[in-house]
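J.: Here is how the chains run, residue by residue.
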Amino acid sequence: MQDALRDLYQEVILDHGRHPRNHRHPPDANREGRGYNPLCGDQVTIYLETDAEGRIADVAFEGRGCAISIASASLMTEVLRGKTEAEARRLFRDFHRLCTEDGFAVEQAEAGDPDALERLQVLAGVREFPVRVKCATLAWHAMSSALDGGGQTTTE
Amino acid sequence: MATLGSTAVAPRSGDNATLAFDVERVRHDFPVLQQHVHGKPLVYLDSGASAQKPAAVLETMDEVYRSGYANVHRGAYYFSQHLTDRYEGVRATVARFLNAGSDQEIVFTRNVTEAINLVAHSYGSKLQPGDEVVISEMEHHANIVPWQLLRDRAGINLKVVPIADDGSFRLDAYEALLGPRTKLVAVTHTSNVLGTVTPMAEIIRLAHKAGARVLVDGAQAVVHGKVDLRALDADFYAFTGHKLYGPTAIGALYGKAELLKAMPPFLGGGDMIRSVSFAETTYADPPHRFEAGTPPIVEAIGLGAAIDYVTAVGQDAIAAHEAGLLAYATERLSQVEGLTIFGTAREKASIVSFALDGIHPHDIGTIIDREGVAIRVGHHCAQPLMERLGVPATARASMGLYNTRGEIDVLAEALEKVKDIFG
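In order, the protein sequence lines correspond to chains Z and S.
Here the first sequence is numbered in our numbering, starting from 1 and rising by one per residue.
Here the second sequence is numbered in our numbering, starting from 1001 and rising by one per residue.
The hints are simulated quantities; they were obtained by calculation from the structure and are not laboratory data.
Hints are supplied without guarantee of correctness; some may be wrong.
What the hints assert, rightly or not - Listed below are several chain Z residues computed to face chain S (Cβ distance under 7 angstroms; list not exhaustive):
(1) Leu5
(2) Tyr9
(3) Cys40
(4) Arg64
(5) Cys66
(6) Ala67
(7) Phe129
(8) Pro130
Computed from a predicted structure; not experimentally measured.
Backbone N, C-alpha and C fix where the C-beta goes; we use that ideal spot for every residue, glycine too.
Here chain S stands alone, though its shape is the one from the complex (with noise of 0.2 angstroms):
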């Protein structure tokens, strides 16, 4: 899965540079991976849940702030122009590095949550009731609640395609939900639990075809592999900066230069008007139109450092490593006696959730803490998922382009260790 969604993707110059992917100089990259935790070497496997950071990201924040901070779309002065050619030049960054059409289409949002809200309130306030809405069973959280609270404010109808028993997309069913009053679906591009790759370009295509638009949850598929906006024909796509190594609080929300365009503002203040009277108040034109107060300004030129970073490492050298790091986590795990993994798509990133016969994540999590081990237990904030799959919780090790084979065999031995104290 080196390139998501599109088979029809030319290799970007430099790619065939970086193949000789080098795992340690990668590692070298990122301080906190000399940490030592309960006196054992940091193994994290908890990416998914939010990746750690090179020293170009933290160097650059560091940078803006010692010389030259300033906010944004304001001052006269140099700096504060200085910082917004910047923080503008980061919208560049993100289109080129998503194949967008144009940066006036990336909106910078907090997060995924965020963009979802946004497209949720805005896009969904032209919504009427008995309008379809179609997610699927895989969801995190983030991607049911705003449609439910939309449900509620709006009499919309909320649609659930269901999973295959591995894990994968059920086109079929899919397809069958698709009707008249369908107007968006929203689906996730990669299953935060599952790994799971969604079908995007064929989800794409069918909602077009039945006249829907189509938001996709790209928090996951964007750190594994390419993704061509233009190739998928998304029409919204959401991603957050601080799984792609970059800083929290910032990510984007990509959407077609039209449909922002006729879509109402989401927050209302400062940045996002053209001009205000107490009698009337004109917006400005996306992406500003979306972007109320002061932004995360120091976050998004974080982000575009990470983005930087990923592409000099090179995104399909990234995805060959991580489908490397998958293939042995898979095979490593399940040698391990009563345990099951969740989740065995063939279209599959770099995540694998599990459970061992008759202990509970959370005791799985605080035993291999002790080995120094990191991985993410609980519902994953997926909770009809994990009704789907008939248990409370799972344990999950996300990898990420710094993680080894080496320690996969350490949470394998860890895992050990839990069955040895559980007798």
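Chain Z extracted, bound-state conformation (with noise of 0.2 angstroms):
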């Protein structure tokens, strides 16, 4: 049991979650979505600046919560920078399949991005803790509203 915690704590996150990338709020964002987790209160807010070809050219964010939704979203802003819209949109659903789906392997994803799914593996670890899979997805479900065009999302 205490390995199923291990995977779920492994150093990187610990580590994103205390020094969390790309906390922060960027002048030229267009875009921005809200995610709030009401189970714990958590909130994060995504910001999302697109170019003129539709790629995020930056991307940051705000908000707190627990070590596994903060680390969950310092990892997506390093690993949506330079993404269409809809490349970002497959990484997500990708992403929910690595945190839910007991033996999904990166081979399988659909966004044909292995590097960005090898960097996020370390988040597979809340498999063992379902309850905990809405705070890894929460930036996600919040970036997905940004690109939507904005406004709140929830976990529930």
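Relying on the hints, combine the two individually framed chains into one complex.
T.: Laid out in structure tokens, this is it:
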């Protein structure tokens, strides 16, 4: 059982939880989405700056939450830069499967972006902790909401 | 805090016989406490959210379904009459438990939330725009949102009494908020987050002096000590069965007879009427006026069994046991480096909310679950209070009559593991 905990709280996660990357509000952000987890009151706001071709030129976030939700938001900002909207959405679907499906392998991904999924693989430990899947996907839901035109999404 | 709200309560007969409180014997009464979680013995420290049930409650409910179940208030046949008598009999049990004036002052509700909504709708329908309802900063959402809905519906003003830094109720600020427009004060008797026991007798005395009525949220209070409604002189008092070692979906609202009598119905339907025609319907007297539809019959009888159980163990003995647990938990957890306890009021029930430096409560909850320890993490349905404390969430250990000092040790050791993982 302790192995499951160590899988969940890997050093990478603890590091991103303590020192999140891209934790800021970019002045040129043109899209914004908020994610809220009513279970614990955690919230994140995702800022996107998309360029003329629809690529994500910058992505950052602000918010508060548990180690899992903050680490996931931080890692997400690292893998989304340069992606098109469609690629970002595909990656979210892959990431969701990564967090919920036992035996889901990077090769099965539809996004065709093994590097990004490799980076996100550290979050696969949430599979053993179903109530924490919402923490891991909170930022992604908010990102998806930003792409949809903004507003707030909840994990319910 | 053996007695909530009054110092002038004579000990009940039988209490002396129960002072020899044996927690191991009590634990034996709760089948679920034999369970293991993730291979570890269950350490259940979440009774403030919902308490476990003794075999007496489970067996009583099972026995009703097996040996004589029927709907109440309807049939001319034996089982219906028999069950009606048992169901109605629980009103008397509740009335005795709270020292209410009469069993006709006890309205069965699903829970405290429903009870407060009942008062907000029914009593609240008499309020005028500009009238004031006073609540406190440490209320559960159940005692905030119904008043906000009433505000939107009826144009009342909502006033909020601040708490002191130690989590105690600020009587001075409260007294200053009371005015000629104050019609109702709705305050918790015991905070579900901080454990604070509010000075309810004084709150009620001051409200009455100002001409206002008082609704008490007693969800956490009835669990930890005796409540004496006549000594308190409360106008309305709500509690729920599932935190009192009884079933879910059954609670009760006490209301003074003259208040209930003057109140319009809450929900309409069967059981709450005297006669119905398409031209005109007349309503039953309280308490049935407020109990539309088939009630939670077996749950009510289960609540009666839970009250009988708690009374048999002895409320004074339970209060003394829990006071010991609270003192031990406060001391033991304070030794955990980096741990902060929220709520240190002098009058406090066995609820300890805390935070660990740099570690989110949700992460604490996940890690100690693997040690078999069940606590509540989150905002505890008290987001304005979280705001006041300056935290998004807390971890909360809430202790009941079956908890032990050994379990507090397990919690403290599990918290050390959390710190190990987070380095």
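J.: Determine for every hint whether it applies to the structure shown.
T.: Here's how the hints hold up against the structure:
1. Interface restraint check for Z:Leu5: the shortest CB-CB distance to chain S comes to about 6 angstroms, inside 7 angstroms, so the restraint holds.
2. Checking Z:Tyr9 against chain S by beta carbon gives a least distance of about 5 angstroms; that is within 7 angstroms, so the hint holds.
3. With 7 angstroms as the threshold, the beta carbon of Z:Cys40 comes within range of chain S, its nearest partner Cβ sitting at about 5 angstroms, so the hint holds.
4. Contact between Z:Arg64 and chain S, as hinted, is supported at the beta carbon level, the nearest pair being about 5 angstroms apart and thus within 7 angstroms.
5. The interface hint given for Z:Cys66 holds, since its Cβ lies 4 angstroms from the closest Cβ of chain S, which is under the 7 angstroms cut-off.
6. For Z:Ala67, the interface hint holds, since its Cβ comes within 7 angstroms of a Cβ in chain S; the closest pair sits about 5 angstroms apart.
7. Hint status for Z:Phe129 relative to chain S: holds, with the closest Cβ pair at about 6 angstroms, below 7 angstroms.
8. Interface hint at Z:Pro130: violated, since its Cβ lies 11 angstroms from the closest Cβ of chain S, which is beyond the 7 angstroms cut-off.
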